[in-house]
Amino acid sequence: MKRFIIEREIENAGDLTTEQLAGIAQTSNEAVASLGVPYTWVNSYVAGDKIYCVHEAEDAETILEHARRGGFPANKVTEVANEFGPQSAPAPVS
Amino acid sequence: MRKSVGSLEARTYTEAVQLLERENELAALRAALDGAVQGQGSGIALAGDSGFGKSTLIEALCADATAARVLRTQCDPLDTPRPLGPFRDLRQLELVGLQRREDLLLSDLCEQVYAALSTEPTVLVVEDLHWVDAASIDVLRFLARRIESMPLALIVSYRDREIDPRHSARRLLGDIASLDGLTQLTLKPLSVESVGRLLEDTDLEPARVHAITGGNPFFAAEVAKEPDLPLPNSVRDAVLAHLSDVTSHDFEVLQLIATAPDRLDDRALPLLGVDLPTLRRLDATSLLSRTGDGIVFRHELARQAIETTIPPGGSSRLHAVLLDVLEQVETRDPAVLSHHAVGARDGARATRYARMAAEDAARAGAHTEAAAFFATALEHLDSQDPRERAALLLQLSYQQYMTSRLVEAIDNVRATFPLWERADDPAGLAAAHEAVALYEYYSARRHQAETYSGRAAEIAAAPAASLALGTARALQGYLAMMRSEIDQAREFFAESTQVAAQHHDGLLSLKSGLFHATTELVCEEDGARTSLLDHIDAARDGGWDELASTGYSQIANLDVEHGRFRAAENLLQLSIPFTVERDIPICRHWQTAVRSRLHLHQGHWSAALEDAEEVLSSEGMPLAKLWPHLVNVLVPLRRGEEVDLHALDEIWALADRIDEPLRRLGVLTALAEVSWMTERTDERVAGLAVDQLPTLAAQPGAAWGAGQLAVWLRRLELPVDALDQLAEPFRLALEGRHADAARWWNLAGDPFAEAMSWADSAGSEERVRGIRLLDGLGAIGTADRHRVVMRAEGHAAVPQRPRESTRANPAGLTNRQLEVAKLVARGLSNAEIASRLYISPKTADHHVSAILAKIGLPTRRAVVVQAAELGLV
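Chains as they are written, first to last, in my numbering: chain X, 33 to 126; chain B, 9 to 881.
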C-alpha cells in the first residue's frame, strides 16, 4: 500500500471540539469499512483551517472515494515519497 | 467535471460518443463561450429528443472552456421537482438562503446569482429543463433579461416534446424566442451517412440501423457497441444487450441507482453496503458517471432501461431502502425523501416529508411545486383530526390561488367546510368562507362572492369568533365598494375598524383603513389619493406586501378611470416590478390589465395589445380580463384592421357576471364605439345604455365612466341625459365646447380622445384637424369613418387617407421600445441605455433604429426635441 498526505480545508478546523472530532472519526471509520479494499487511516493533525491526514491505500482514487463517502473535502492528495526522522541520521562513529 | 465511476482518469462522454452533424450547433455554443470571455453574454437553448446528443455537445463545449469558469447543473426527474434544485446544487456560487428553513426572497436570490455570475467569464449549463421547477425558471428569466450585460454563456437543454403549454419552462422559452442575445437550437436526427460512420467498424447495414433507431445518436451508438447481436427493437433492448455479464448483485446496485433519479449520494454508499470493487465493475458498463457528490446515470435513457427491469413490487422495496438510508444523511432534502416515501408506499412519511417540502417550496416562492407537495401530503394523510386535513387543504388552495388555479382553489377550500363543522371551529369555517368569497370574486362571480362573504360574517357573528367577523366585514365592504355601494361599504369598514381596535389587530386595522381610503378615492374626495398612498407605505413597512400591492392595484385602476394617465404610468412603473419581486401574481395580472387600458388611452396600440395578450394568455383571474378583451377589440377597430366582433358577446357575458356599474359602463362605451364605427344598431346601446345612463351616472364615482358613454351616445345621435353629473372633459364635449375638450385631453395625455374631440367639432377645419391627428396616431379605421361622414355631408376638403403615418407617433412601439424611447427622449446615449436596461450597446442601437423607423423620425435628436409631443416625458 502507498501512503498519502491529504489536505482538507475546513474553516475554523482548529475550533472543532473533542466530541465533534469523535463524530468525524466514526464517519471516517465507517467509510473505511465500506470500501471493500485495503485501507488504513494512520493519523490526522488539526492545524488552523486545515486537517492533514495520513492514510494508506492502493491509489489516490481510493483516497478520494473515502473522502466522498465520508462527505469530507480532499483539497490536495499527495503520495508520500519517503519518510525519515531522527533515527535516519547515520549512527555516530564511536 | 464529471468522472467515470471508480477510476481517477476522467473519461469524458465525448470521447465515448462521436459528435456527428453537430458542427453548426457546436460553433454557436463556442461563439457564446467566446462572447462570455469578452464580456458579452448570450444564451442558447438546446432542444432535442432524449439521446439526440445535447449532453455530448455540452461536454464538448465545456472541454473547450479553458478561459471561462464552467458551472453545470441539472433538473431531476422527481415526481415533483426540488424547488430551486439546479441552483441549490451550484455550491460553488455560495448562494445564501438556499438551506432549509431559511427565509428567502426570490428577488434577492436573483440578484445574488446575477452578482455571482458577473464576476468572471462563466459557462452556466442547466440541463433537462423539462424537469425544472417554476422558481428556477424565474431565476433563469431574470438572467435571460440581463444576459447581454454579463460575461455569461447560458446554456439550457430540454426535450421540446415534454414541454406543453402549461409547463413552467414555457415562459423562459418565450423569452428566448423574443429577447436579444438568446437563441434556440433544435437538434435533428442523424442522417443515414452519419449512422454509417458510427457503424464503420461493423458489418451492420446503415439504412436498417437508421430505420430502427430513427437516427437517434444514442440508440445508434448503443447498437454499434454490440454488432454481433440481433438488432434490438428499442433503446432499452440495446442498453440491456451489453449487460449480460453483470452479476445479479451488481444489477441490483444499478437498479438502486436508477431508483434515485436525482443522484445516489456518495455518503449513502457505506450504509447501502456498496463497496469500491462493485463500483469498479459497474464502471465497465459505461452507464454511470459521477457528479460532485453522487452517482448518476450517464444517460437518462439508460436509467429508464434499467428501471424497466425492476420486477413488480420491487420498486417500493428499493425506495424504502433509499428512504431509510437517506434519512441518515445530512442535509436531508424533504423533496427527495417525499419522492422515496411515496415510492415506498409509506403514507405517514410521505405526508410528513411532502408537507415539509411544500413549506420549503412556498417559502422559496415555488408555488407550483408547493401545491404539488401539499397535494401529495393530502393524498397520503391518514389522520382522524379534521383540523389537520382542513389546514392542509387551505394551504393547498392558497398555493393554487398563487398560481392562478382558482377553480381548484375554490373546490379545495369548500372541501374544508364539513371538516371545520366536525371540528366545531366557527373561526376556521368563517375564514374558509371568506377565502372562497375572494376567489369567487377574482373568478368574476360577484354574486357568489357576496353570498360567501355574507355567510362568513354570519358564522363569525358568534362571540368566540369576532375577529373573523371583522375580516368578513372588511371583505364585504370591499365588494360593496367595487359595486359602487359606497354608503354600505363605509358602514362595513367602520365595523371592521372597530373590531380591529378591540382585538388590537394591526393588519385588519390597516386593511380597513386602506379600503376606506380607496372608497374615498372612488368618490374623488380631496386627499384620498395621498391617504391611500400613506396606507400603502404603512403596509410595506409592516411587511404586508399583498395588502400594499392591492392598494397599488386600486390606485392605478382609479387613476386610469379618472383620467390621471401620467400618474398611473408613474405608479405602474413602480408597482408592477413590486408584484414580481414580492411574488403576487394576482396583482401582476390586474395591474398589467390596467396598463393595457392605460396604453389604449395613450394611443400606444402595440403596447396595449402586448399587455392584453399577456393577461389573456395567462390563466390568471377572469376579473382582470375585461379590459384586455376590450383592448383586443378596440385597437384593431381603430387601426382599421380585422376585428372579431363575436368577442363582444363573451365580454358582455363577463360584464354580466361581474355586474358592477363601473365595469358595465366600460363595456357599454366600447359597444357604443363599435356601433358608431360599424354603423350597426346595437340594442344594448340604443336601448339599455340610453335607459340606464342617468341611473349609472348617479352612482358614486361614475362621473368618468358615464361621461365616456355619454359622449359616444351623442356621437350616435342618441339621447343623453344627466349632464351635470359628468366629469369635466365630457361636460365640455356635451356642451359643444369641443376645442376645450380637445385641449383638456391633450394636457391629460389621451391623444385619441383629443383627436375625437376635434373631429366632433362643428367647423370643418377642426374636423379635418381631428382626422389628421387620428391618421397620425395610426387610428386609420376611426379616421376613415370620419371621412365617410364628412364626405356624406358634402364637405369638399376631406383629407385623403395617408399612405403611411404622416406624423411621428409611438403607437406601434412595444413596451420594451417605449421604455427605450423614453430614455432616448431624455437624451441618454446607447451605452447609458444599455447599462440601465442590462442589454448590450449594440442591442440598444438596434432598438433605437427600430424606434426611429416606427415613429418616422430621422434622428434621436428629433426624438428629444419632440419628446413632449410624442408623450415620452
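Keep in mind the hints are simulated off the structure, nothing from the lab. By construction, the Cβ of each residue, glycine as well, lies at the ideal position given by its N, Cα and C atoms. Hints should not be assumed to be uniformly reliable.
Some but not every residue of chain X turned toward chain B, in silico, with C-beta under 7 angstroms [to be verified]:
1) Arg40
2) Glu62
3) Ser66
4) Leu67
5) Gly68
6) Val69
7) Pro70
8) Glu97
9) Arg101
10) Gly103
Going through the hints against the structure:
Contact between Arg40 (chain X) and chain B, as hinted, is not supported at the beta carbon level, the nearest pair being about 15 angstroms apart and thus beyond 7 angstroms. Hint status for Glu62 (chain X) relative to chain B: holds, with the closest Cβ pair at about 5 angstroms, below 7 angstroms. The beta carbon of Ser66 (chain X) comes within 3 angstroms of a beta carbon in chain B, closer than 7 angstroms, and the hint placing it at the interface holds. Here the hint on Leu67 (chain X) is kept, as its CB sits about 5 angstroms from the closest CB of chain B, short of 7 angstroms.
At about 3 angstroms, the closest approach between the beta carbon of Gly68 (chain X) and any beta carbon in chain B falls short of 7 angstroms, and the interface hint on this residue holds. Here the hint on Val69 (chain X) is kept, as its CB sits about 5 angstroms from the closest CB of chain B, short of 7 angstroms. For Pro70 (chain X), the interface hint is violated, the least distance from its beta-carbon to any beta-carbon of chain B being 10 angstroms, above 7 angstroms. Because the closest C-beta pair between Glu97 (chain X) and chain B is about 6 angstroms apart, less than 7 angstroms, the hint holds.
Satisfaction of the interface hint for Arg101 (chain X) is found here, the shortest Cβ-Cβ separation to chain B being roughly 5 angstroms, below the 7 angstroms cut-off. Taking 7 angstroms as the C-beta contact cut-off toward chain B, the hint placing Gly103 (chain X) at the interface holds, the least distance being around 5 angstroms.
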